[in-house]
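K.L.:
Full structure from sequences and hints, please.
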Amino acid sequence: DKAIVEAIINLGNTFNLKVQAEGVETQEHQELLLKLNCTLAQGYYYNKPLPLAKIIDELEKDAN
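Under the numbering used here, read the sequence shown as residues 56 to 119, first letter to last.
Bear in mind the hints are in silico, worked out from the structure with no lab data behind them.
Quick caveat: nothing in here was measured; it's all calculated off a predicted structure.
Heads up, a few of these hints could be off.
Unchecked claim - Within a straight-line C-alpha distance of at most 27 Å, the following computed BS3-like cross-link-like pairs (lysine-lysine) qualify: (1) K90 <-> K103; (2) K73 <-> K109; (3) K116 <-> K57; (4) K103 <-> K73; (5) K103 <-> K116; (6) K73 <-> K90; (7) K73 <-> K57; (8) K57 <-> K109; (9) K57 <-> K103.
P.N.:
Okay, here's the thing in structure tokens:
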């Protein structure tokens, strides 16, 4: 699995694409992705899914 993830990240980076990992659930996942030069990620490690209204509230707070 690691080899596949690494190949996808390298391919994306080679073409100057933004590569975002999904399903990051542990600190180990995060650390591995950072070592592989993947700096965009989302998953339960960062936050549980939120209702749309909560997301909008959080974005509005950040904008102000």
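K.L.:
Against this structure, judge whether each hint is valid.
P.N.:
Hints versus structure:
1. K90 <-> K103: 24 Å, holds
2. K73 <-> K109: Cα-Cα ~26 Å, so holds.
3. K116 <-> K57: 37 Å, violated
4. K103 <-> K73: Given pair K103, K73 holds - Cα atoms ~23 Å apart, limit 27 Å.
5. K103 <-> K116: 19 Å, holds
6. K73 <-> K90: 16 Å, holds
7. K73 <-> K57: 19 Å, holds
8. K57 <-> K109: It is violated: about 34 Å lies between the C-alpha atoms, which goes past 27 Å.
9. K57 <-> K103: The given pair, whose Cα atoms are some 24 Å apart, holds under the 27 Å limit.
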